Structure formats: C-alpha cells, structure tokens
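Enquirer: Chain by chain, the residues run as shown.
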Amino acid sequence: MTIQREFLESIPYFTGLDATELDSVRQLIFERTVDRNEIIQFEGESAEALFFIASGAVKVFKTSAEGKEQILSIARPGDSFNDIAIFDDGPAPASAQTMSPVVLYGISKNEIQTILRQHPQVALNTIRVLVDRTRQLVELVEDLSFRHVIGRVAKILLEHAGDGTSPRPRLTQQDMAAMAGTVREVVARSLKALEDEGVIRLERHQIKIADKEALEDMVAASV
Amino acid sequence: MPFMPQIDKDKCDNCGLCVSVCTCGALVYIEETVTVIETQACGWCMMCEAVCPLGAITCPFEIVLDEVTRP
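These protein sequence lines map, in sequence, to chains D and A. The first sequence begins at 0 in numbering that gives the first Met the number 0 and counts up one residue at a time. The second sequence begins at 0 in numbering that gives the first Met the number 0 and counts up one residue at a time.
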C-alpha cells in the first residue's frame, strides 16, 4: 500500500502543505503491518520513528507496578501515538498495543528533523499537535481524579436497578455518562473500579449489584 | 437469542474500525455495511464501543440487584 496524498494531507502534521511538499514527504514514509495484540512500543523504550495509523486501532496505556493497565487513549486512522518520545528524545511515556490488525506509516526520527527544517508549515502543525496532546493529558488528569464521579455513577446504578423479574430500560455507558455529567471513558473506569472493589459484577450485558450497601455509602460520601 | 451490541445507522459511517477490533465474529462487513451477527461468542468486551469515533455502536447494560442482595 502506498500512502495516498489525500490521506497524508489529512494527518494533522501535514495539513496545509502543497502538492510538491506532500510528495517530498511521501518519499520518506515507510509502511509496517502489525498483527492484533502486538506491542508496538514498550513504556520506557526509545522511539526511532514517528508512526501514524493507516488502518486499525491502537491503545496507548501505562501499566502500574501491580500490573493494572490504564488506557490513556485510543489511536485511530490518521492519528499518531508516539510523538513525545520522538521530539524530546526521551523514553516512551506509555506503551502502545494493537487492538486489531494494523497498518502503520512511519517516518524515521532523523527524517522528521529534516522535514521540520525544510517545511515551516510542518513545524507549526507540530506545535498544534503537541498542544492538543497536552490539553488531552490535562483533561485526563482531571478525569482520573474521579472519586466525585464514582458517587454519581453509584447513584445511577441504584436508581436504575431492577430485581430481574421484570424488564428495565437498558443503559449504555454513554447514557450513564450523560446522566453523571461526564464522558463515557470515565464511566467505564468507574464501573471497572466498582467491579475491582467487589461492589458490582459486569456479566456480559448485565451489571449486577453485589453490594447495595457499599453503593449507598458511596452515594452518601459524594454529597 | 443473545443480546448484542446496537448500531445506530444514522451515526454509523461504516468505517469498519469496530469490525477490525472484534475477535468473536459478532461484527462483520456485508455489502460494505457493518452488520451485527447474533452469536453467543460475544463476550461484551465493549472494544467496539470504545474504538468507534462516532459513538455509533453501543453495548447497553441491564442493571440488576444480585440475588443475594435483593430484599
């Protein structure tokens, strides 16, 4: 697969480049195919190339000392995911693993520096990409301090729980997020945290409340 | 009949990202349209919901009191 000019132009780093500039960048791009569940980058490793996703999805995550995985983001076609290690020459702050078969486009670290010197528009675009990345991480920090949200999620679960004898409306994580004034990802983390504490069990398409009293305590504590 | 992920056809642009991450065969491309196949193999991993950039596919939950906690 050869990278198409239109796809290259859609990548935030290369927006606004003219056809000649895009063609000169295209010459420097290599392609790599990766199977599902492969780790493309380990946290702490150095990065030798900046990668963009052509097809498939990649999760970017950190692993705690206890082995718990914290997903920071999901990268989709057009996204890059290892920018920080490329531009500050430091170790990768997170790991990246494919969620599906993935095709990557890559530019080596040396070539990136050449492109930045030769194409000022790419340098300006890079600033915007890194600023956006910073903003996302600041929001993530806020989201991760979610103890106040977990109380709201607990309240929603209590209010919508049935006894299993008659059907109740089903809720998506997005529904719960809208009710709790947050986003789907925070609800997902809250549910996982509640499951880890043994308060609920996630069984296929059911959330089973195992400890109603604990949920009630969380609601009371969040007020 | 197993309960399956739900696709909002008004939101779905058939990009296929959900199909690419599905490991149980519940999501397939049929005539360039993302289609849900009913299968007991769906483990409700919710990766399809997580990767969709448009929020077009969702995995709804029924919330129930566990038998031992019911009054």
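These aren't lab readings, by the way, just hints derived from the structure by calculation. Hints are supplied without guarantee of correctness; some may be wrong.
[What the hints assert, rightly or not] Pairwise CB distance ranges, derived in the manner of DEER restraints:
1) D:Gln69 with A:Gln39: 41 to 51 Å
2) D:Leu201 with A:Glu37: 13 to 23 Å
3) D:Pro119 with A:Glu31: 38 to 48 Å
4) D:Leu115 with A:Glu37: 48 to 58 Å
[As the list claims (entries may be wrong)] Using 30 Å as the maximum straight-line C-alpha spacing, the simulated DSS-like pairs for lysine-lysine come out as follows:
5) A:Lys8 with D:Lys191
6) D:Lys207 with D:Lys61
7) D:Lys67 with A:Lys8
[What the hints assert, rightly or not] Incomplete in silico selection of chain D near chain A, CB under 7 Å:
8) Arg31
9) Ile52
10) Gly77
11) Gln96
12) Ser99
13) Arg116
14) Lys154
15) Asp162
16) Leu170
17) Thr171
18) Arg203
19) Ile208
Please read all numbers here as calculations on a predicted model, not as lab measurements. Using N, Cα and C, we set each Cβ at its ideal position, and we do this for glycine too.
Enquirer: Against each hint, give a clear statement of whether it holds in the structure.
Expert: Hint check results:
no.	hint	in the structure
1	D:Gln69 with A:Gln39: 41 to 51 Å	violated (31 Å)
2	D:Leu201 with A:Glu37: 13 to 23 Å	holds (21 Å)
3	D:Pro119 with A:Glu31: 38 to 48 Å	holds (40 Å)
4	D:Leu115 with A:Glu37: 48 to 58 Å	holds (51 Å)
5	A:Lys8 with D:Lys191	holds (29 Å)
6	D:Lys207 with D:Lys61	holds (28 Å)
7	D:Lys67 with A:Lys8	violated (35 Å)
8	Arg31	violated (16 Å)
9	Ile52	violated (10 Å)
10	Gly77	violated (10 Å)
11	Gln96	violated (12 Å)
12	Ser99	holds (4 Å)
13	Arg116	violated (33 Å)
14	Lys154	violated (12 Å)
15	Asp162	holds (6 Å)
16	Leu170	holds (6 Å)
17	Thr171	holds (4 Å)
18	Arg203	holds (4 Å)
19	Ile208	holds (5 Å)
In the structure shown, a violation is registered for the earlier hints numbered 1, 7, 8, 9, 10, 11, 13, 14, in ascending order.
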